[in-house]
Amino acid sequence: MDIVSIALPKGRMTEDAVVLFKKAGISNDVLKDISRKLILEDNKNAIKFMLVKPMDVPTYVEHGAADLGVCGKDILLEQKKDLYEVLDLKFGFCRMVVAGPPNVKDSFLTNKRVATKFPNVAEEFFKKKGENVEIIKLNGSVELAPIVGLSEVIVDIVETGRTLRENGLVVIEEIFPSTARLIVNKASMKTKSERIKDIILKLREVINGG
Amino acid sequence: MIYLPDGVQDFLPEEYEFKRNIEDKFREVFKSFGYKEIMPPTFEYSENFSHLFDENSMYRFFDKKGNILALRPDVTAQIARIVSTKLEGRYPLKLCYVANVYRYEDTQVGKMREFTQAGVELIGTNHEESDAEVIALSIEALKSTGLKDFKIDIGHAEVFGSIVRNLNLGNEDVNLLRELLEQKNQSAIEDFIKQKEIKREEAKLLRELPLLFGGEEILEKLKKENFKETEGVLEYLDRVYKILEDFGMKEYISFDLGMVQNLNYYTGIIFRGFVKGLGYAICTGGRYDKLLKIYGKDLPATGFAISVERVMLALQRQSKGEWVKPRRVLVRYKEEERRRAYEKANVLRKEGNVVEMYTFKRCENIDLKSFDEVVDVGE
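Taken in sequence, the protein lines are chains A and B. Sequential numbering from 1 applies to the first sequence in UniProt numbering. Sequential numbering from 1 applies to the second sequence in UniProt numbering.
One or more hints might be untrue.
As the list claims (entries may be wrong) - 20 Å max Cα-Cα, derived PhoX-like pairs, lysine-lysine: (1) A:Lys-80 x A:Lys-117; (2) A:Lys-112 x A:Lys-80; (3) A:Lys-32 x A:Lys-44; (4) A:Lys-137 x A:Lys-127; (5) B:Lys-86 x B:Lys-297; (6) B:Lys-19 x B:Lys-143; (7) B:Lys-19 x B:Lys-221; (8) A:Lys-22 x A:Lys-32; (9) A:Lys-127 x A:Lys-80; (10) A:Lys-197 x B:Lys-221; (11) A:Lys-197 x B:Lys-276; (12) B:Lys-334 x B:Lys-344; (13) B:Lys-276 x A:Lys-81; (14) B:Lys-111 x A:Lys-197; (15) B:Lys-25 x B:Lys-242; (16) B:Lys-204 x B:Lys-25; (17) B:Lys-111 x B:Lys-276; (18) A:Lys-48 x B:Lys-276; (19) B:Lys-143 x B:Lys-25; (20) B:Lys-111 x A:Lys-80; (21) B:Lys-111 x A:Lys-81; (22) A:Lys-112 x A:Lys-137; (23) A:Lys-23 x A:Lys-197; (24) B:Lys-194 x A:Lys-90.
Think of the hints as simulated: they come from the structure by calculation, not from any bench.
Please take these sequences and the hints and turn them into a complete structure.
Here's what the structure looks like:
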């Protein structure tokens with residue numbers, strides 16, 4: 001049997017993903033084995049998990065280093081990779097938003113600065129609105145930018161809104177909601193079609209059933 | 001340091017020999033099936049491509065008179081123009097090419113802005129035997145390079161076409177649905193069905209399409225569903241499959257009835273070639289019966305293009321980057337024997353060897369190990 005490799009995002013979605021695969025009867029519970037290992041093999045089910053940075057999941061899958069991947073819609077929209085996005089896994093819910101200090105709400109100058117980890121999403125969003133903005137790409141702690149005067153607003157992912165509140169920021173506009181998606185390498189879908197189809201159907205059943 | 005712009009590359013001797021070797025194999029196979037090679041110009045008026053390609057995806061520039069020109073993004077459009085305006089005679093016409101094309105796209109490994117396509121066009125016939133011939137030819141061409149573990153995945157443009165016509169969707173919705181099918185995005189298709197209040201029969205077909213891929217049993221599976229829209233398509237694919245089966249190509253064929261193509265000139269059968277472990281198609285093709293009409297001659301046509309660089313990548317990954325290299329022979333000679341040495345070298349060259357000549361004196365700096373054989377003339 002062909003081994004199917006699955007790229008999982010390290011961090012907040014790891015546990016939900018592993019639980020889902022177990023519930024669908026695709027793999028054993030490998031959670032207890034996650035420590036510093038980057039590759040977890042489940043030989044009984046011919047499944048190999050690899051743990052990578054969330055932003056890198058689409059890259060592994062697009063190049064075929066992993067057959068499948070679990071990845072947030074936010075990252076897929078940012079990177080626009082050439083792969084199949086087959087299922088909404090219905091966990092890891094969050095929102096992509098424009099946020100900023102409350103006093104700038106609805107009263108912008110035209111050339112505002114936007115700090116974000118998602119420059120493509122931000123650019124497309126403001127372009128569609130016909131606004132000229134300057135995009136400032138950051139790699140983390142984006143909430144800091146408006147506080148220290150690096151930007152007027154930020155474009156970022158919000159789960160509960162706690163981080164925003166703690167930094168005195170409010171949501172100005174929602175860009176899109178996001179959840180975890182199952183993505184598939186285009187060649188693997190065809191060269192390992194029976195196994196991958198089986199995995200998709202099992203996951204679909206669990207998601208739709210509850 | 002001098003840099004190259006994004007999306008272009010130099011091929012150094014080793015690499016280029018490898019590439020030429022593959023291209024020559026494609027040429028040989030195409031020729032052996034009766035296809036004649038042609039070569040259109042690298043650039044022509046931009047409007048000749050505008051039916052098929054977005055302006056922003058082309059390299060466009062002005063000539064001194066202010067005409068807008070474009071580097072060809074594709075050879076098929078050029079062949080359609082040539083056949084419509086210059087080639088008279090009896091059909092079918094069988095043409096092939098190995099040519100560089102240029103597309104302004106995001107670059108990465110296997111996606112360059114200048115890349116080589118090797119392809120064929122079979123023009124003037126819309127019989128299933130033509131489609132089968134072209135698919136068989138693509139398989140023979142890929143096989144000739146030593147490539148393993150590849151599949152030609154077959155679909156039909158009319159599966160999507162007939163659904164869309166029945167649903168009466170606006171242009172924007174058609175494009176959205178095409179994108180969702182391209183991604184095999186089952187969750188979003190479900191949402192689309194609810195949002196557009198799509199009726200039972202079409203909704204059922206749309207729900208199944210993303211996973212309607214696999215071996216020939218997929219045709220059976222869809223046949224049992226009895227969708228009026230897909231009856232004709234299924235019969236056609238079945239007939240093509242029977243031919244390919246007789247050609248002994250069963251193991252290379254798979255089906256994907258949910259396949260949609262980005263280039264919107266396809267009207268019938270469509271196909272893509274995939275290799276295990278490479279995330280993008282190494283070959284795309286299909287039937288385009290309405291393209292030539294745009295250029296003035298209403299002729300059916302079918303064809304494909306193989307991406308040479310992607311085949312190189314796939315071969316390297318399969319460590320099949322080896323090919324039969326000619327023997328390298330060194331002819332060492334005494335100056336007085338120059339005439340005889342040159343004659344000897346030419347005889348060896350005619351026999352198919354690569355021959356280099358040096359006098360004994362100059363041989364001190366030559367890497368003898370790079371030669372398969374050393375022939376001494378004199379001494």
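Here is what the structure says about each hint:
1. A:Lys-80 x A:Lys-117: holds, 15 Å
2. A:Lys-112 x A:Lys-80: At roughly 25 Å apart (the allowed maximum being 20 Å), Lys-80 of chain A and Lys-112 of chain A break the hint.
3. A:Lys-32 x A:Lys-44: Roughly 17 Å between the alpha carbons, so the hint for Lys-32 of chain A and Lys-44 of chain A holds.
4. A:Lys-137 x A:Lys-127: Distance ~17 Å between Lys-137 of chain A and Lys-127 of chain A Cα, so the pair holds.
5. B:Lys-86 x B:Lys-297: Holds - the C-alpha atoms of Lys-297 of chain B and Lys-86 of chain B are around 11 Å apart, at most 20 Å.
6. B:Lys-19 x B:Lys-143: Given that 20 Å is the threshold and the Cα spacing comes to 15 Å, the pair holds.
7. B:Lys-19 x B:Lys-221: Given pair Lys-19 of chain B, Lys-221 of chain B is violated - Cα atoms ~42 Å apart, limit 20 Å.
8. A:Lys-22 x A:Lys-32: holds, 13 Å
9. A:Lys-127 x A:Lys-80: Judged against 20 Å, a Cα distance of about 17 Å means the pair holds.
10. A:Lys-197 x B:Lys-221: holds, 15 Å
11. A:Lys-197 x B:Lys-276: The hint holds at about 16 Å.
12. B:Lys-334 x B:Lys-344: holds, 13 Å
13. B:Lys-276 x A:Lys-81: holds, 18 Å
14. B:Lys-111 x A:Lys-197: violated, 28 Å
15. B:Lys-25 x B:Lys-242: violated, 27 Å
16. B:Lys-204 x B:Lys-25: Violated, at roughly 45 Å.
17. B:Lys-111 x B:Lys-276: Holds. Lys-111 of chain B to Lys-276 of chain B sits at ~17 Å (cutoff 20 Å).
18. A:Lys-48 x B:Lys-276: holds, 17 Å
19. B:Lys-143 x B:Lys-25: Satisfied, since the Cα-Cα distance of roughly 10 Å is no more than 20 Å.
20. B:Lys-111 x A:Lys-80: holds, 14 Å
21. B:Lys-111 x A:Lys-81: holds, 12 Å
22. A:Lys-112 x A:Lys-137: Holds, at roughly 14 Å.
23. A:Lys-23 x A:Lys-197: holds, 17 Å
24. B:Lys-194 x A:Lys-90: holds, 18 Å
In this structure, the hints that do not hold are numbers 2, 7, 14, 15, 16, in rising order.
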